[in-house]
Amino acid sequence: MHWDTVYKNFDYLLVGAYPQGPLGGLAMTVMLAIGGIFGAFWLGLGCGLMRISGKRRLRWPAMFFIEIIRGTPLLMVVFWFYFLAPVLFGHSLPEAQSALIALIVFTSAYIAEIVRAGVEALPKGQMEAARGSGLSHVQAMVFIILPQALFNMIPSFVNQFVSLTKDTSLAFIIGVNELTKAATQVNNRTLTAPTEIFITIALLYFVICYCLTEFSRYLERRINRYQARGR
Amino acid sequence: MAYQFDFGQVVSGEYGQWLLSGLSTTLHISGIAIVLSLGLGTMVAVMRLSKVRPLVWAAAIFTEFFRNTPLLVQIFFWYFGSYSVLPEAVNQWLYARDFEFACGVIALTVYTAAFIAEEIRSGIFSIPKNQLEASRACGLSFIQAMAYVILPQAFRVIIPPLISQFLNLIKNSSLVMTIGVMDLTYMARQIEAHTFHGFEAFTVSTMMYLTISLIVSLGVNLYNRYVLHVRSR
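Chains A and B are the protein sequences, given in the same order. Heads up: the first sequence at position 125 corresponds to 124 in numbering that gives the first Met the number 0, and the numbers run straight through without jumps. Heads up: the second sequence at position 198 corresponds to 197 in numbering that gives the first Met the number 0, and the numbers run straight through without jumps.
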């Protein structure tokens with residue numbers, strides 16, 4: 000075993016060539032994950048609300064989008080945005096940007112389904128009562144339905160965040176310098192310790208994702224207890 | 000610069016053949032991994048519910064570890080690092096055959112088995128606990144009770160989530176292109192490199208993936224309706 004190879008290159012795995020060069024490694028992974036979940040939340044929320052809307056011209060495009068994205072591998076979506084950008088804009092986007100766009104678009108379809116399930120799980124009387132007390136449909140959504148539904152959805156969002164964190168590793172394929180890419184670079188440079196390097200980065204991903212998974216289980220228990228008390 | 004669309008070149012002739020052979024590799028690797036992961040996943044789920052402490056811990060560590068690490072990293076791990084983890088004889092056997100393909104199968108199997116184990120475990124939990132107690136009291140062993148009484152009932156409940164895991168597996172199989180398995184995504188990439196018509200190649204291969212998953216999810220919906228229909232009678 001050559002754990003010293005990992006030890007010597009550990010700072011490269013964590014932040015890339017950062018002080019001297021561009022940021023990379025685990026820091027890039029975390030940035031992609033945070034940017035991805037932030038973008039995907041808003042896009043997914045909009046898309047999920049369109050999906051449950053009563054108006055066909057809103058519902059159908061959202062349905063179309065969700066079904067296509069959920070039936071397609073993420074890798075395809077990544078390639079799509081990578082090769083589509085030159086067609087659309089006439090020049091290619093930087094790798095990190097097109098990876099981030101692909102992650103946001105892909106995850107938003109899943110978040111849209113979470114939003115739909117969360118809103119549909121609320122008792123129907125909530126909407127009727129809100130409309131009955133004089134709120135418009137949009138006002139009822141924003142002030143009555145969404146605050147309750149989003150609260151119940153928090154554990155699902157955290158689970159989606161876990162998937163997204165794992166999915167950032169696909170940015171490697173179009174050359175973004177995140178953790179997986181940094182690991183293959185170190186591996187190609189040293190050639191002595193592939194097993195050790197990949198175990199190390201697997202553990203790095205594991206620590207992040209496992210903490211988030213446990214956090215989501217904790218939240219789920221809290222929310223269940225809160226609801227049991229409330230009703 | 001205006002982009003000239005040329006779907007004809009991608010879907011016909013040599014390149015069309017490439018896409019079809021890629022599709023068949025994708026279905027092939029997914030099929031093998033589906034069968035293996037179902038077996039491994041069931042085993043892990045039963046281990047986790049057994050009373051033997053080391054088995055429970057091993058199963059728990061297995062599911063938590065493989066669920067919480069990216070599949071791509073696992074593929075690289077098996078491809079680059081398996082030789083110091085797997086026994087020498089296994090490695091020799093793998094190298095004599097299609098090493099990339101075998102690594103792809105192992106990675107997809109292990110990754111999906113971790114998710115399937117959780118589905119099966121929740122399925123088993125949904126069966127009333129006294130079923131197991133009753134069958135133990137009738138003189139069946141734990142394994143027999145699982146195999147003849149609990150699992151057949153549990154599987155009926157979890158068929159829809161199980162199939163959606165298999166669908167994920169088919170989509171995830173696109174990642175094996177990174178180690179050189181010539182699947183659908185690999186072929187689309189190859190056509191892009193040869194013709195610069197990446198847009199068309201990726202459109203056609205996306206359509207192929209979409210067709211598979213829409214057919215499967217249609218099947219699940221029909222099954223769900225059928226089950227509801229049977230229950231309501």
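None of these hints come from the bench; they were simulated from the model. Small disclaimer: the values here were computed from a predicted structure and weren't measured. Any given hint could turn out to be false.
What the hints assert, rightly or not - Sample of chain A residues facing chain B (criterion: CB under 8 Å; computed from the structure): (1) Leu57; (2) Ile67; (3) Gly70; (4) Leu74; (5) Phe82; (6) Ala84; (7) Val86; (8) Lys165; (9) Thr183; (10) Asn186; (11) Phe197; (12) Tyr204; (13) Phe205; (14) Cys208.
All residues carry an ideal CB built from backbone N, CA and C; glycine is no exception.
Quick rundown of the hints versus the structure:
Interface restraint check: Leu57 (chain A) against chain B, minimum CB-CB distance 22 Å, threshold 8 Å, status violated. Nearest Cβ of chain B to the Cβ of Ile67 (chain A): about 6 Å, under the 8 Å cut. The hint holds. Given hint, Gly70 (chain A) at the interface with chain B, holds; its Cβ is 4 Å from that chain's nearest Cβ, closer than 8 Å. The restraint placing Leu74 (chain A) at the interface with chain B holds, with a minimum CB-CB distance near 4 Å, inside the 8 Å limit.
Annotation: interface hint on Phe82 (chain A) holds; nearest CB of chain B at approximately 4 Å, less than 8 Å. The interface hint given for Ala84 (chain A) is violated, since its Cβ lies 11 Å from the closest Cβ of chain B, which is over the 8 Å cut-off. A distance limit of 8 Å between C-beta atoms decides the matter here; for Val86 (chain A) the minimum to chain B is near 5 Å, and the interface restraint holds. A distance limit of 8 Å between C-beta atoms decides the matter here; for Lys165 (chain A) the minimum to chain B is near 4 Å, and the interface restraint holds.
Among the interface hints, the one on Thr183 (chain A) holds; its C-beta lies about 7 Å from the nearest C-beta in chain B, closer than the 8 Å criterion. Interface hint at Asn186 (chain A): satisfied, since its Cβ lies 6 Å from the closest Cβ of chain B, which is below the 8 Å cut-off. Nearest Cβ of chain B to the Cβ of Phe197 (chain A): about 4 Å, under the 8 Å cut. The hint holds. Hint status for Tyr204 (chain A) relative to chain B: holds, with the closest Cβ pair at about 5 Å, below 8 Å.
Satisfaction of the interface hint for Phe205 (chain A) is found here, the shortest Cβ-Cβ separation to chain B being roughly 5 Å, below the 8 Å cut-off. Given hint, Cys208 (chain A) at the interface with chain B, holds; its Cβ is 4 Å from that chain's nearest Cβ, closer than 8 Å.
Hints 1, 6 from the list above are not met by this structure, while the remaining hints are.
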